[in-house]
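Trainee: Put together the whole structure using the sequences plus the hints.
Protein chains: 2
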Amino acid sequence: MKNAKLLLCALLFFLVPVLAVMAESEEGGQMGLMWVTWIGSIAALIFALILALSILRKDPGNEKTRSISKHVQEGALAYIKQQYKVVVIFFVFVFALFLVLSFALGLISRFVPFAFITGGFFSALAGYIGMTIATRSNARTAWAAQTSLNSGLRVAFSSGTVMGMVVVGLGLLDLSIWWLVLTLFDLPPAEIPPIMITFGMGASSFALFARVGGGIYTKAADVGADLVGKVEAGIPEDDPRNPAVIADNVGDNVGDVAGMGADLYESYVGSVIATMALGAIASLQLPGLTALQAIQVPVTIATIGVICSIIGTFLVRAKEDATQKVLLGSLRRGVYFSTIAIAVLSFLFIYFTIGAKFLGVWGAMIVGLIAGNVIGYFTEFYTSDHYRPTRTLSNESLTGPATIIIGGLSLGMLSTLIPVITVVLATLGAFFLSGGFAFPGLGLYGIGLAAVGMLSTLGITLATDAYGPVADNAGGIAEMAGLGEEVRNRTDALDALGNTTAATGKGFAIGSAALTALALLAEYGNKVKEGIIHLFSDPAASELFEGFYAGLVNIVRDAGGTIEDITLNINILDPRILIGLFLGGVLPFVFAALSMRAVGRAAGDMVKEVRRQFKAKPGIMKGADEPDYAACVAISTKGAQREMILPSLLAIIAPILIGILFGPFTVISLIAGSLATGFVLAIMMANSGGAWDNAKKYIEKGAHGGKGSDPHKAAVVGDTVGDPFKDTSGPSLNILLKLMSMVSIVFVTVCLTLNNQIVGLLQ
Amino acid sequence: MKNAKLLLCALLFFLVPVLAVMAESEEGGQMGLMWVTWIGSIAALIFALILALSILRKDPGNEKTRSISKHVQEGALAYIKQQYKVVVIFFVFVFALFLVLSFALGLISRFVPFAFITGGFFSALAGYIGMTIATRSNARTAWAAQTSLNSGLRVAFSSGTVMGMVVVGLGLLDLSIWWLVLTLFDLPPAEIPPIMITFGMGASSFALFARVGGGIYTKAADVGADLVGKVEAGIPEDDPRNPAVIADNVGDNVGDVAGMGADLYESYVGSVIATMALGAIASLQLPGLTALQAIQVPVTIATIGVICSIIGTFLVRAKEDATQKVLLGSLRRGVYFSTIAIAVLSFLFIYFTIGAKFLGVWGAMIVGLIAGNVIGYFTEFYTSDHYRPTRTLSNESLTGPATIIIGGLSLGMLSTLIPVITVVLATLGAFFLSGGFAFPGLGLYGIGLAAVGMLSTLGITLATDAYGPVADNAGGIAEMAGLGEEVRNRTDALDALGNTTAATGKGFAIGSAALTALALLAEYGNKVKEGIIHLFSDPAASELFEGFYAGLVNIVRDAGGTIEDITLNINILDPRILIGLFLGGVLPFVFAALSMRAVGRAAGDMVKEVRRQFKAKPGIMKGADEPDYAACVAISTKGAQREMILPSLLAIIAPILIGILFGPFTVISLIAGSLATGFVLAIMMANSGGAWDNAKKYIEKGAHGGKGSDPHKAAVVGDTVGDPFKDTSGPSLNILLKLMSMVSIVFVTVCLTLNNQIVGLLQ
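These protein sequences, in sequence, are chains A and B. So the working numbering is basically just the index in the first sequence, starting at one, shifted up by 8. So the working numbering is basically just the index in the second sequence, starting at one, shifted up by 8.
To be clear, the hints were calculated from the coordinates, so they are not data collected in a lab. None of the values given here were measured: they were computed from a predicted structure. Don't take each hint at face value.
Since copy identity is lost for identical chains, a pair holds within one copy or between any two.
For lysine-lysine, the following DSSO-like pairs were computed, each having C-alpha atoms within a straight-line distance of at most 27 Å [claimed, not checked]:
1) 721 - 623
2) 89 - 537
3) 709 - 616
4) 625 - 238
5) 238 - 715
6) 646 - 616
7) 625 - 646
8) 705 - 721
9) 93 - 537
10) 616 - 721
11) 630 - 89
12) 72 - 89
13) 93 - 623
14) 623 - 537
15) 721 - 238
Mentor: Below is the structure:
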């Protein structure tokens, strides 16, 4: 407690210099305000370290809990090692490709290969640290839950906070390092963000592998454990006799923790970088705004968010005998405080640095913050058993599995309407408020800032989200170690609490993905223009290109024959643009299909293995023989590795291939089409899955006959279908949308060059 | 047999004058070649009448089959009457609205209200006649199946042919009548097709109600009958003790026959009209092509299609003892003959009338024909148990309902890739072949002709599709009337045959919907231009509008201040366009959700009613009491009426509302977005549903333990989920996409006027 207060004072002390320079940094050198990101980054990482150490000081319990936790740690580590091995091959390959493209062919910047690698590295690191702490917190949470609900919460929430802080801290660190490096190489501020997009691509590539691989792992284990253990053998969830039980608990950590960490690292960094890049472009249109100023707005808002999140986490505490409701209130208090503090401090920052003239930009950010909360609320509304949709869904179980499946699919589809309308209004609102109708570039910058605003509270919202899997694991350990009914009830209560806050977190992740993808799409448009200017300084080449793409690109030349000005009219009524929409529209479906099929296949392998073990060692069921947990862990690991490659490559190859074959204009509509479909599909899959999960839990609490009844069995079918929806395909889609844009941006010159050669051949 | 040969000669005789005038009608008056549509129309209707009379001469069987058939007839009639009552209210309301908009406000043509009504009327009539014959053919098919498989097929196929011929005949009749009326009013040819789009809107509106209402009816009855009868009470399919059995059989007729008839009437007429409209615009760009010539190409191709389809049906015959395989071959022979004949005759027609210069237009049509066959083949590939995907899916049933659901969803999602790529290539191919890169207007016309080409074989493909429900019903009647195992096996074989050909038919329906929607979207772009010219002859109003929509619309004025030229740049990178994509992307999901939920609710009511009857009259199960069939029919009827309204209105209101609020440019992207999502979703739902259905049937044939085994139960869950997918939401989506475009076209002036007032308020 004393430590905490000291820390609080120290953090507030950090804020003073930030606010001080805000007042005077109109000018400033190449670095400007960018040094504050170092403060935000280091504050977050130190805070994470302190919390991590405090967790490790807690009692990991008796021999049994420690041993189970050890199993989980080892399984998770084994998986992560295996995954990283596969991913390293991919990264080395792309790195080599980039080396050739940059040093040998001069098509891209020399910094690109290295930026790409660091993005992947930090994304992996964020996931790894989060997972390491989570696997060390599970037994400690279970053990602490013996004392009280609040004690359990504090350990689990600390673990979640470590994750949140590591994600934002490493995000800002990578930004800070690259900013420093690139300024040392004397790059002007406006040229820095586009290079940084490459580390966004690195982070997103890694995140996609981690999400898809982790998602396949966790759901293969979960589905496998449930189908044979619960349904066929009739043993309860997390029963130690189930050979897949360790794999299931490992899955929570590699999918929901390591996968989510990499995912949100990617979201966070992606939104900030895209906005920086758009800021650099916007500053060209506006005399009163320097590139450096425009670039530092998103990173400083992110830094303010980190500081406010740290303070917010101190508000998450309650009396020892607090009820579940009180604890939920205390979690929410932390989030709300951070949100309001960010809004106020950002106002002051923008007002005092870039001036009252650009307060519209602050408005755009606030629109994002509000939109995030609206989407979060409706995610909860559609998926929590406190509200009508999920309760109505649980009624569908009375007429069997078919009707609850139809009901859940239709609930998920219907739940997409409000988030889409919210994003539409946020897009228009951010564009309008930041002055986009007068200066379109500024409006696009505003859309980016809305995404940054939405994610500015990530430090704390991720904490409230990432503690859920820890509580879930703790429940598993309590069950396996036989810590008693009471403890299991408490961990279940923590888990339920986590589901509620996680719903809000998911809303933020999905909403920010849509806005970030829009910002990246706008940035891609800018890069296409630049690419055309860059490549077609040769008038003959540009005339050929322009002739073929007549109507879509207008190039104004001066008397000397060089390119003066370019406008893109990506006219939706042109067949070359329309086909991009169709192809983009189908990609998320194919991606979702591949990832779902992967879960199905890996789960099938798991089912066979569990059945084999039950048959080979009849002693398992009697508790006489110990099942071979490691064999199941190995199967999930192998399945995930094998199956994650195809869908991940799809996202990377599709935009490059379309770009080469049909040109960059079709890629713009490809991205737009995949965004229109993918966003809706992602919400649908997340919400259908969440609602099925909670409808099942609602029945388990006693509705419609409770556990073991026919409606419960029907609800379990719904939950099983929902597993890959909400934990594999749905969240991966968010990454897919952004990664496609980033890949397009990075490869724009390559695609333009090759496409122009194809155009030449056709003529 | 003698009759048939006479008829064949008569039809060939009809072709002679058509070919003759082809050679010389370079000029010709206002009517040009349009009189040939009268020939096509009358030939189709006479042929339908002859077949209908020949069906009625067949033996309807013993007292029992006749009585059951009577029950079905009465139930179907009761439903249709009820549905038409509700729809009439809608039509009267819209008619009145059109009267006000045209006669009082002068915003639309005076012909619009009447065209709208006739479109609805003919669509309803096509469905009604098809259903009337189908409900009279079911008992006759069952009775004939006592003799042989071929005898059964001939009755059922005749009924399907009546449907096919009525749809194309009435389609051409409505076109012919309106062409005559509008030329009598001295409208120049180029102004006629846009008015005709209104009757397309009438036809589509009715079709949407019929598909959604019929789809809800049939699936509520089916799901209700299955869940209580098969699963709970354990009685077989079509058992007369099941109170919902008549409703189930009525459902086949009102959903799969009347609904499908209205649906395909809408598709057929929509593709022809959209192409006529695009032809009128294309002719403005090309000196060698008159508006009349361009307009008569699609209708004449349609007429050639009708004649070739009639001849094709004569090839569908086999020896009395023919096997299922032989019969499939004979069905295919008919379709292939028609396809090739159409290709050849269309070539001659285009070569001799508009000349070798425009043979590219013929190429576009052929691209459509080929694309339809490719999509049809892959529909069959993904949904038939002769191929791997559905067989693999049936394996998923071994691990229970959850895995078969996941597998089916993922199969459906994956199956969207090839159809989308096919449509993309067909779009580009048709655009390119018809010369779109030099003359964009001609390219769009080519895309329309691809759709017309795809649907030109409708007369016979619909016949091979629409006989399925008759065979299905015949099976039900055979079961209920106790005609014996042999007869039931034969009707099942006919049904299975129908499923195979129906898959191809579905491919054509979906593919043509996408191409027609693209053509309509292009036509909407033209109408927006025209609307702007028409309304903003007042320069002040147009400047206001242009100022607000800067960048999206460029208006060139001459010295006197009038509008000279307009170009639309519906730039996908503009936020006002992007939001349309998002909103459009979510609409098909919401529509699918509403229609699925509707099935769920109506099925729930049915389940309660069947349970109530079993409980109130225990004698039913013993065969002592007759169940109250009428009560179940009434429940399905009421449920369908209540639930069909909201989703149908969504399609009509959304584009008008968006048009008024955000302007016509956002509507363009709204339609494009809904097309990108809706097309994919429609294929996915159709194929998932089809695959689940056939996986279940595959198990029933003996795989994985056959009927009654656990895998079979899991497969039944999949089939039940698939029911609303493939028979309610999926096919309705096709209509939704076209209806939205048509509504936008018809209301373009209204939306422009009101939106301009909003723009005025904002400034």
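Trainee: Does each hint fit the structure? Answer for all of them.
Mentor: Verification of the supplied hints:
1. Taking the shortest alpha-carbon separations for residue 721 and residue 623, both the intra-copy value of 24 Å and the inter-copy value of 25 Å come in at or below 27 Å.
2. With identical chains, the CA atoms of residue 89 and residue 537 are never at most 27 Å apart, being 42 Å at best within one copy and 60 Å at best between copies.
3. In the homo-oligomer, the alpha carbons of residue 709 and residue 616 lie at most 27 Å apart only across protomers (26 Å), although the nearest pairing inside one protomer, at 31 Å, exceeds that limit.
4. Proximity of residue 625 and residue 238 under a CA criterion of 27 Å is satisfied intra-copy only: 18 Å inside one chain copy versus 39 Å between copies.
5. When the C-alpha separation of residue 238 and residue 715 is checked against a cutoff of 27 Å, the pair qualifies both within a copy, at 11 Å, and between copies, at 25 Å.
6. Taking identical chains as interchangeable, the C-alpha atoms of residue 646 and residue 616 lie at most 27 Å apart only when both belong to the same chain, with a minimum of 14 Å there against 48 Å between chains.
7. In this assembly of identical chains, residue 625 and residue 646 lie within 27 Å of each other by CA distance solely inside one copy; the values are 23 Å within and 58 Å between copies.
8. For the homomeric pair residue 705 and residue 721, the shortest alpha-carbon distances inside one copy (12 Å) and between copies (24 Å) are both at most 27 Å.
9. Proximity of residue 93 to residue 537 under the C-alpha cut-off of 27 Å is found in neither arrangement, the shortest distances being 38 Å within a copy and 58 Å between copies.
10. Taking the shortest Cα distances, residue 616 and residue 721 sit within 27 Å of each other both inside one copy (21 Å) and across copies (21 Å).
11. Proximity of residue 630 and residue 89 under a CA criterion of 27 Å is satisfied in neither setting, with 34 Å inside one chain copy and 65 Å between copies.
12. For the homomeric pair residue 72 and residue 89, the shortest alpha-carbon distance inside one copy (26 Å) is at most 27 Å, but the shortest distance between copies (72 Å) is not.
13. Proximity of residue 93 and residue 623 under a CA criterion of 27 Å is satisfied in neither setting, with 34 Å inside one chain copy and 63 Å between copies.
14. Taking the shortest alpha-carbon separations for residue 623 and residue 537, neither the intra-copy value of 65 Å nor the inter-copy value of 73 Å comes in at or below 27 Å.
15. Both within a single protomer and between protomers do residue 721 and residue 238 lie at most 27 Å apart by alpha-carbon distance, with minima of 10 Å and 19 Å respectively.
Violated hints, listed in ascending order, are 2, 9, 11, 13, 14; each of the other numbered hints is respected by the structure.
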